[in-house]
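The numbers in UniProt numbering rise by one with no breaks, and the one at position 299 of the sequence shown is 299.
Simulated from the structure, these hints should not be mistaken for laboratory data.
Any given hint could be a false lead.
[To be verified] DSSO-like, lysine-lysine: derived pairs with alpha carbons at most 30 Å apart:
hint	residue 1	residue 2
1	Lys-65	Lys-42
2	Lys-166	Lys-189
3	Lys-108	Lys-42
4	Lys-42	Lys-103
5	Lys-394	Lys-337
6	Lys-218	Lys-261
7	Lys-42	Lys-58
8	Lys-501	Lys-394
9	Lys-196	Lys-166
10	Lys-264	Lys-239
11	Lys-166	Lys-103
12	Lys-159	Lys-176
13	Lys-103	Lys-239
14	Lys-65	Lys-89
15	Lys-40	Lys-218
16	Lys-108	Lys-58
17	Lys-189	Lys-176
18	Lys-71	Lys-89
19	Lys-159	Lys-108
20	Lys-66	Lys-89
21	Lys-166	Lys-177
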Amino acid sequence: FTAAAREKEEKEREMEFTTATQREEEEQRQKLIDEQNAEKEKIHKEHQEARDQLNQMKLVEAERKKELGLKMIQNMMNGCLARVLQGWKEYVRVEKYNRAVIKRFARKLHMRAANSAYVRWTEYWKERKWLRGLLNRMLGGKEKTMQAAAFKQWAWAAKEGAISSKHNSEMEEMRKKLSQAESFHEESKKSAADEKMAMSQKLLKKTIYTLQNASLGKCFSAWSLFVSLQHRTRNLVNKVFSRVTNREILGGFNKWKNAVKAWKEVEGLHLAKVGRRNKGMQMLADKANAIRIKQGSLKQAFVKWMLATYTVTLSGRAVKRLDNFMLMFAHAFSSAKEVKALVSVACECLQSMIAGAAGTLMLLDKPSQEMWTFKSGAERRSPMQQGIMGYVGKTSESVYADMFSDERYNPAIDDIMLSKGGDIGTSSKTWWGANMPNINHSAGSPVILCIPVRDFDGVTVAVLAAVRVHVEAGQSVKPFNPNDALALAVLSCYVGGHLEKLQGKPSGNVSVDYGAVQSNMPDVSTPPPRPPLHSERSTMSSLSYSGGESSPGMSGGMRGVSDRAMAAAGIGPPAASPSSPGHKAWQQHTQALQKLFEVEKSLK
């Protein structure tokens with residue numbers, strides 16, 4: 001019993017000790033947590049106080065900056081007022097000083113005259129007193145006294161006359177000096193007025209220049225508005241024309257429909273009345289013949305409507321493309337500040353205007369009888385008497401010929417000048433590349449169009465050459481058309497005017513003289529003599545670009561479209577593979593043209 005009680009007591013003590021230890025640990029943990037919370041609260045309060053102090057400092061700094069700004073503005077205003085007041089004070093002081101100087105000057109003049117008169121009078125009085133005493137001592141008696149009195153009266157009169165004459169002379173001198181002072185004052189006032197007038201004239205000129213600049217800006221805005229309105233009017237005219245044409249063909253279809261309906265009604269009534277088959281068949285044949293004639297006229301009208309619509313569409317494209325060329329010329333030639341840049345710009349414009357063509361601009365050096373241009377950043381020269389371009393530069397005559405078969409062709413000159421760079425040995429760098437043998441045997445040699453570039457006086461100063469080739473074997477070389485020649489002539493006029501402008505001549509003008517364009521335009525109506533071509537695309541090219549087989553009655557029809565509107569609108573056989581989308585579209589276009597030709601032939 002005692003051992004069990006003792007063991008139980010020890011367990012209770014251990015439990016109490018463990019409980020006390022846990023309680024102490026819990027109290028210490030709670031105390032530590034309280035201390036940490038208190039520390040966090042203290043840190044939070046310190047952070048809050050620091051933030052409040054920072055905000056307060058920011059407010060104080062903002063107030064200080066505001067006060068500084070206000071003080072600065074006030075100082076500036078006070079400074080302006082102070083400068084105005086100081087200037088006014090200085091002006092008043094200078095005016096007072098000038099008045100005082102003038103008064104002092106006049107006073108000095110007056111005092112000087114008075115002092116000199118007083119000194120002279122005292123001297124004269126002493127001298128007269130001495131002379132009177134001398135006379136009184138020398139002369140005696142009544143007669144002598146009367147003579148002395150007479151002499152005294154004469155002397156006084158002489159003195160008065162001398163004083164009056166001296167006074168008059170001094171007054172004249174004072175008047176002269178006063179007039180000089182007045183003239184000096186007037187001159188100073190006049191100079192100040194002149195300075196003020198010059199300042200006002202300067203301000204007036206500045207105002208006039210500002211108004212002129214504003215007028216120029218308004219003029220440019222009005223010009224841009226006019227151009228946009230012109231484009232819009234052109235589009236509206238094209239739309240109205242197409243609508244009118246559509247309305248006419250619709251009216252023709254309605255008339256044809258009404259005629260067929262009326263014919264059916266009349267024929268039914270006639271058959272019901274007559275009742276005889278032979279007569280009815282005869283009348284039916286007559287009516288059918290009449291309807292067939294009407295349908296033929298309607299077909300002819302429909303074909304003419306299609307041709308007119310196609311012509312209007314392509315003409316609109318041509319006008320738009322011509323406007324784009326003019327804008328391109330104005331922008332490109334304005335960036336050419338030297339002859340080297342002018343050569344590059346002219347070649348780029350030539351490639352942009354004429355599809356599938358390449359070329360160059362050769363400048364003439366007549367003293368040395370040479371032609372020169374820039375290729376691959378280097379200057380290249382050739383004699384003026386050799387090659388096709390040399391012939392044009394020497395004779396000032398245009399050349400349109402088959403390049404390789406022409407007797408004036410010189411490969412050592414023309415191939416280098418019409419190359420991208422390198423020498424004649426590297427044919428892959430020429431415009432036609434490594435396919436030149438294929439062109440010679442299957443598709444023909446390149447076609448060259450070379451024209452002279454004239455200045456304002458009509459003197460040939462350069463040569464502009466264009467070569468049209470295809471770089472793929474089996475394709476035909478497309479000849480130039482009149483639109484290509486016109487584009488090349490316009491470009492030559494731009495180049496000639498800009499060359500004069502770069503050379504500083506007074507006649508230099510970049511605008512186009514259309515009389516010079518007409519005189520400089522070569523004749524490309526007849527293709528150059530070439531070997532026969534054996535390919536389907538040669539037939540298509542001759543159909544579309546050489547006039548084809550059109551009927552004599554097509555005045556203003558497809559012949560004008562194929563030669564002018566299509567070339568100006570950029571519609572031509574693409575230099576691509578037969579499987580390309582462009583080649584297929586061109587084949588469809590050519591087939592449609594052939595069908596239209598056949599329809600018109602059948603109508604004729």
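Each hint tested on the structure:
no.: 1; hint: Lys-65 to Lys-42; in the structure: violated, 34 Å
no.: 2; hint: Lys-166 to Lys-189; in the structure: violated, 35 Å
no.: 3; hint: Lys-108 to Lys-42; in the structure: violated, 92 Å
no.: 4; hint: Lys-42 to Lys-103; in the structure: violated, 87 Å
no.: 5; hint: Lys-394 to Lys-337; in the structure: holds, 28 Å
no.: 6; hint: Lys-218 to Lys-261; in the structure: violated, 63 Å
no.: 7; hint: Lys-42 to Lys-58; in the structure: holds, 24 Å
no.: 8; hint: Lys-501 to Lys-394; in the structure: holds, 23 Å
no.: 9; hint: Lys-196 to Lys-166; in the structure: violated, 45 Å
no.: 10; hint: Lys-264 to Lys-239; in the structure: violated, 38 Å
no.: 11; hint: Lys-166 to Lys-103; in the structure: holds, 23 Å
no.: 12; hint: Lys-159 to Lys-176; in the structure: holds, 26 Å
no.: 13; hint: Lys-103 to Lys-239; in the structure: violated, 92 Å
no.: 14; hint: Lys-65 to Lys-89; in the structure: violated, 34 Å
no.: 15; hint: Lys-40 to Lys-218; in the structure: violated, 73 Å
no.: 16; hint: Lys-108 to Lys-58; in the structure: violated, 71 Å
no.: 17; hint: Lys-189 to Lys-176; in the structure: holds, 20 Å
no.: 18; hint: Lys-71 to Lys-89; in the structure: holds, 25 Å
no.: 19; hint: Lys-159 to Lys-108; in the structure: holds, 25 Å
no.: 20; hint: Lys-66 to Lys-89; in the structure: violated, 33 Å
no.: 21; hint: Lys-166 to Lys-177; in the structure: holds, 17 Å
In terms of the numbered hints stated before, the structure departs from hints 1, 2, 3, 4, 6, 9, 10, 13, 14, 15, 16, 20, listed from lowest to highest.
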